[in-house]
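*Asks:* Sequence:
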Amino acid sequence: MKEIWKNIYGYEGKYQVSNLGRIKSLSRKRWNGFTYANKKEQILKPRLNLKGYLHVCLYDGHKNYKDVEVQRLIAKTFIPNPKNLPCVNHKDENPLNNEVSNLEWCDYKYNNNYGNHNLHLSIAKMNNPKHAFVSIMNGRKNSKAVIQLDLDGNKIRVYPSQMAAARETNSMQDGISACCRGKQKEHNGYKWKFATDIAINS
Numbered sequence: 002m003k004e005i006w007k008n009i010y011g012y013e014g015k016y017q018v019s020n021l022g023r024i025k026s027l028s029r030k031r032w033n034g035f036t037y038a039n040k041k042e043q044i045l046k047p048r049l050n051l052k053g054y055l056h057v058c059l060y061d062g063h064k065n066y067k068d069v070e071v072q073r074l075i076a077k078t079f080i081p082n083p084k085n086l087p088c089v090n091h092k093d094e095n096p097l098n099n100e101v102s103n104l105e106w107c108d109y110k111y112n113n114n115y116g117n118h119n120l121h122l123s124i125a126k127m128n129n130p131k132h133a134f135v136s137i138m139n140g141r142k143n144s145k146a147v148i149q150l151d152l153d154g155n156k157i158r159v160y161p162s163q164m165a166a167a168r169e170t171n172s173m174q175d176g177i178s179a180c181c182r183g184k185q186k187e188h189n190g191y192k193w194k195f196a197t198d199i200a201i202n203s
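The sequence shown runs contiguously to residue 203 in our numbering.
Simulated from the structure, these hints should not be mistaken for laboratory data. Please read these numbers as outputs of a predicted model, since none were measured by experiment. A hint or two may mislead.
With a Cα cut of at most 25 Å, we get these calculated BS3-like pairs of lysine-lysine [claimed, not checked]:
id, residue 1, residue 2
1, Lys186, Lys52
2, Lys40, Lys84
3, Lys40, Lys64
4, Lys67, Lys15
5, Lys52, Lys25
6, Lys3, Lys92
7, Lys40, Lys7
8, Lys110, Lys77
9, Lys110, Lys64
Please construct the entire structure, taking both the sequences and the accompanying hints into account.
*Replies:* Put into structure tokens, the structure is as follows:
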């Protein structure tokens with residue numbers, strides 16, 4: 002796929018974003034506190050935030066810095082949003098894949114239910130753990146799904162990955178991982194298990 006670069010709205014002449022999910026700062030003169038120095042064009046290295054999304058810090062040239070999630074920059078630049086939908090969904094559920102073809106605008110309900118829809122799972126199906134295990138392995142062979150339980154051990158919901166669970170429950174991925182690996186009993190008011198563990202032990 003050919004890489005296409007476009008200006009980022011509000012940062013024209015300073016930053017551009019590409020359809021392949023990359024962001025670069027453009028060559029320009031920048032005040033360093035003493036004089037104007039030439040700043041070369043540079044591909045930015047995004048960082049992971051606590052929700053598992055990539056983000057970059059943009060500078061407007063007037064002492065203002067702003068952290069922005071990469072997928073939102075890509076979507077706002079390349080994908081029309083006539084209904085003014087609030088969320089950007091990753092079609093393959095990999096928040097590190099920010100290519101335009103992998104992104105879509107959606108509402109909160111669609112975004113929250115997307116993983117379960119792809120896995121063909123529902124709360125009702127989770128009453129049959131062995132069936133859920135088969136669905137998980139058929140639907141997402143490359144993901145390790147996790148199950149959210151209340152403190153009494155009742156199943157609440159399945160997520161395609163620890164990252165998705167952390168994002169949708171405002172939890173820490175490290176905390177969920179520790180529970181799944183048996184290092185701690187609960188995190189953020191819930192118990193967490195690998196779906197494979199629930200299936201095998203049931």
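*Asks:* Now, for every hint given, state plainly whether the structure supports it.
*Replies:* Evaluation of the provided hints:
1. Lys186 <-> Lys52: holds, 22 Å
2. Lys40 <-> Lys84: violated, 39 Å
3. Lys40 <-> Lys64: holds, 16 Å
4. Lys67 <-> Lys15: Holds: Lys67 and Lys15 sit about 13 Å apart, inside 25 Å.
5. Lys52 <-> Lys25: holds, 23 Å
6. Lys3 <-> Lys92: holds, 20 Å
7. Lys40 <-> Lys7: Judged against 25 Å, a Cα distance of about 19 Å means the pair holds.
8. Lys110 <-> Lys77: Holds, at roughly 20 Å.
9. Lys110 <-> Lys64: violated, 37 Å
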